[in-house]
Amino acid sequence: MTPPDRFWFLFSAYAAIWLLLALFLVRLGRRHRALERELRELESRVADRGPGFDSTAAPSVGTRA
Amino acid sequence: MALAIRSRLAPLADRILPAAATTAMLTALWCVFLYVPNERMQGAVQRIFYFHVNAAWSAFLGFGIAAAASALFLWRGRIEHDRLAQAAVEVGMLFCTMVLATGPIWARPIWGTWWTWDPRLTMTVILWTIYAVYLVLRMVGRDDPEIARYAAVLAVVGILDVPLIMVSVRLWRGMHPSVLTAPEGTGGLQDPRMMRTLLVAFVAFALLFLWLLWLRYEGLRLRDDVRELELRIGARHEARG
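Protein chains in written order, with the numbering used here: chain D, 1 to 65; chain W, 1001 to 1241.
Errors might be hidden in some of the hints.
[What the hints assert, rightly or not] Covered by chain W, according to a simulated footprint, are these stretches of chain D (three or more residues, beta-carbon under 8 Å):
1) 9-16
2) 19-30
3) 35-45
Just so you know, the hints here were simulated from the structure itself, not pulled from any lab data.
Just so you know, these numbers come straight off a predicted model, no measurement behind them.
Glycine included, every Cβ here is placed at the ideal spot set by N, Cα and C.
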């Protein structure tokens, strides 16, 4: 196999690594955003019900995921 | 106690880990493409090795953490251990998939074939399948504690495949090269720059692994908090009639 062909294999291997990592991070980001949305909805439902509901154990929307 | 450790760890993990992992990864890429010389026989394609091997070690680390955390979960029944196991399996699967993707790309120009049922390759596919089943169980089982325990048993049993992968080259005389354990003069890393590059890539992958594990663990913790809040709102709603 000639050297330029081998460079193509090298390029493909590293491209595969970065593609997999990017897909993983995108999926992680989507899940995080969905959870944040859900949390905001729950917080607004708690706020609508007025005082008396203890939501101190609930995390804030800014919590990392 | 655990909460206090977490609150101290969180700012450190959020700020330092991504920066450290990115810096180390850029250094590793510089080493792989500009610093390390070509291997005599394989040429440029041997440079795949530095990331392929470290991805394998990261996968083993992920599955090892998952097995240990699952054993603790089975013993003590604490949700934090189960959460850590699930996060470690997900990150371990990412690295294991990298190994299975880059291996055939290296094999095609060197062995002349994309795939062969060599013992080490076969055992790695089995490892990937075991933990893929774990993830399917977690997806299907959702909050079922029974399924969580079955999955934990699978994670503990699955780790037994890792030592088999390690010894498979010598035990069954497979085709897969054992570069690091090769006797002197029979291959391996001939140039000291090769070992340095491998070590830099090792640090980069270790930091990337820790960062991804942290992100996924925190994601699962947030999901559990949301579910708990939903339950509490539901209970409150029922109490009010």
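Claimed coverage, the segment 19-30 of chain D by chain W - three or more beta carbons nearer than 8 Å
holds (count 4)
Check of the segment 9-16 of chain D against chain W for coverage (Cβ-Cβ below 8 Å, three residues minimum)
With 6 residues in contact (Cβ-Cβ under 8 Å with chain W), the coverage given for the segment 9-16 of chain D holds.
Against chain W, does the segment 35-45 of chain D show at least 3 residues with beta-carbon separation below 8 Å?
Since three or more residues must qualify, the claim that chain W covers the segment 35-45 of chain D holds, with 5 doing so at under 8 Å.
The structure meets every hint from the earlier list without exception.
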